[in-house]
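**Q** Residue-level listing of the chains:
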Amino acid sequence: MTSQAPAIEVRGLRKTYHRAFRKGGTEALRGMDLTVPEGSAFGLIGPNGAGKTTFIKSILGIVQPTEGAIRVLGGSPEDPRIRARIGYLPERLHLPGTWTAPAFLATVTRLKGLPVDPAVNLRLLERVGLSDAVGRRIGGYSKGMRQRLGLAAALVGTPSLLVLDEPTDGIDPMGRMEVRRILQEEVRRGTTLFLNSHLLAETERVCDRVAILAGGRVVREGRLEDLARGGVRWLVRFAPGANTEALAAAGFLRGAAEGQYAVEAEDPAALNGALDRARAAGALMVELRRDGTDLESVLMGTVEAAA
Amino acid sequence: MKPVLGIAGYVLREAMSRKFILAFMVGITLVLTVVALSLRIEVVDGALAASRLFGEELRNSIRSVDVALRPVYQAAAFLVFYGGILFGIVACSDFAPSLMSPGRIEHLLALPIQRWHLLAGTFLGVMVLALGGTLYGTTGLVLIFGVKAGYWTAGPLIAGLLACVGFAAVYAVMLTAATLVRSAALCAASGFVFLVGGIIAGYRQQLTPFFEEGLGREAFRAVTLVLPRLSALAMAAGDIAASTPLEVHSLGMLLLGVLVFGFGALAVGFWRFEGKDY
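Those sequence lines, one after another, are chains A and B.
Residues 1 to 307 (the working numbering) make up the first sequence, in order.
Residues 308 to 585 (the working numbering) make up the second sequence, in order.
The set of hints was computed from the structure by calculation and includes no laboratory data.
One should not assume that every hint holds.
[To be verified] Straight-line Cα separation of at most 20 Å, DMTMM-like style, residue types lysine to aspartate or glutamate; simulated pairs:
#1 Lys143(A) / Asp169(A)
#2 Lys309(B) / Glu67(A)
#3 Lys143(A) / Asp117(A)
#4 Lys143(A) / Asp172(A)
#5 Lys583(B) / Glu27(A)
#6 Lys309(B) / Glu78(A)
#7 Lys23(A) / Glu67(A)
#8 Lys23(A) / Asp584(B)
#9 Lys583(B) / Glu78(A)
#10 Lys143(A) / Glu126(A)
#11 Lys583(B) / Glu67(A)
#12 Lys455(B) / Glu364(B)
#13 Lys143(A) / Glu91(A)
#14 Lys583(B) / Asp79(A)
#15 Lys455(B) / Asp584(B)
#16 Lys455(B) / Asp373(B)
#17 Lys309(B) / Glu321(B)
#18 Lys309(B) / Asp117(A)
#19 Lys326(B) / Asp401(B)
One chain only, chain A, in its complex shape (with noise of 0.2 Å):
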């Protein structure tokens, strides 16, 4: 396995926005360190003024940091040339509202320093769901469009590294099923995908890591798995008619639901061993989980530890 650079690399990043006139300042971030490994899923999740906004703009140029080293793709972020690598989505996207899309794209293409080709735009359109709107302006389009076409824009000239603020906001639940798909579809290609989304849901199936910022630092990072992982406890439903004192005795706790159960294992085999007991007692298992922690819980658990 060969080692690969960072797609993004935060060394003690500080970001203090200064007020005129008004002493000292707003620290938004203090003391960032984060990895993001290029080819990855990477979601930042954190309560409202964290710093995930600064922090999304500081990686891009647009704010200029207080303090701390920042490389993105083994470059500068003030570097166009690293720029051009970077396709970004905005949390609020403001759009032309007299132009088509297509018009928006091609001046998008133009200004990333590509041939503008309205074949490929088009594609790049159909790819987001929006083949039906390219002859409407842009100002008649639904909140959920507006998005679409900001991601088709960040898609354009197929970025290594793709920085989405709240990509799904306004997109309905089968539009959001597509841009999971779209976003699936870049990592399996090899793009780096560096997603702040409030919903945790969503962060939780398109990311393999995560981290976790509050109050201007990273409290948390990790792969997703590792950090939803629950202890040695597994969740067990067996079928109507299993015997509760059977079962208590190979181990399995009585739950809240109807024929649910919970069973400490500290390996497969242990688990194994358990569930070869209950299925000598006539129980019949119907459903096998791992108790682990969903990503609320995780978020919520880490920042107030942090607090």
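Dock chain B against chain A, hints included.
**A** This is chain B only, laid out in the frame that chain A set:
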């Protein structure tokens, strides 16, 4: 240079979609059409023998065409200069604040362009718009009078170009104001203040005696010294349009002063924009 042209194209496309600017272009066209259709000029041996406007005879002594058209071209030059700059202040006040609006500026700054490209492109786009509108109006006027009176002069076109130079200085201030405060109203107000200041600066010699000697007079002198002498430029434009001798001592120095002021204002804007967080 390509990104600057790209941003200029962005601004021009925005401008073309604005009803206000389209209405202005239609307005110029209508005025030119009405003048072309309603004005009848009879020229005999290079002299204006008779002229009719809306069928009514305009009583004038017989004069050579160039002399007869002087006041027309001079009035047109003043109208283009002051009217054009005022319209430009109002019509273009929103371009820079709109480009710097939340959700748009982040998107633009994340593209592979330098920050100065964005300001330079906006400036260029607005100047192309101003130049296009001015040349459209003045060329139309020259064509109408050229065809009807047989008198051809590039004076009004040059006067129009001088108006564009004046507007460039005013818009440089407006663009810089937009980098300080993202507000179309403040942007327009700054342009208007500098237009008035520029008019006063052109008459600084005549106005200085109205201030009491001492701090007040020196302050007036100091402030008007750095301002572009827009009224002097307008006078020069009027003289050129009417093909009369220039009243200003040196048009070159006057233009240089206006350009230096414009570049100075732009430099402040570029410096502010480079260090600003969005």
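**Q** Hint by hint, work out which the structure violates, then give me just those numbers in ascending order.
**A** Of the numbered hints, 2, 3, 15 do not hold.
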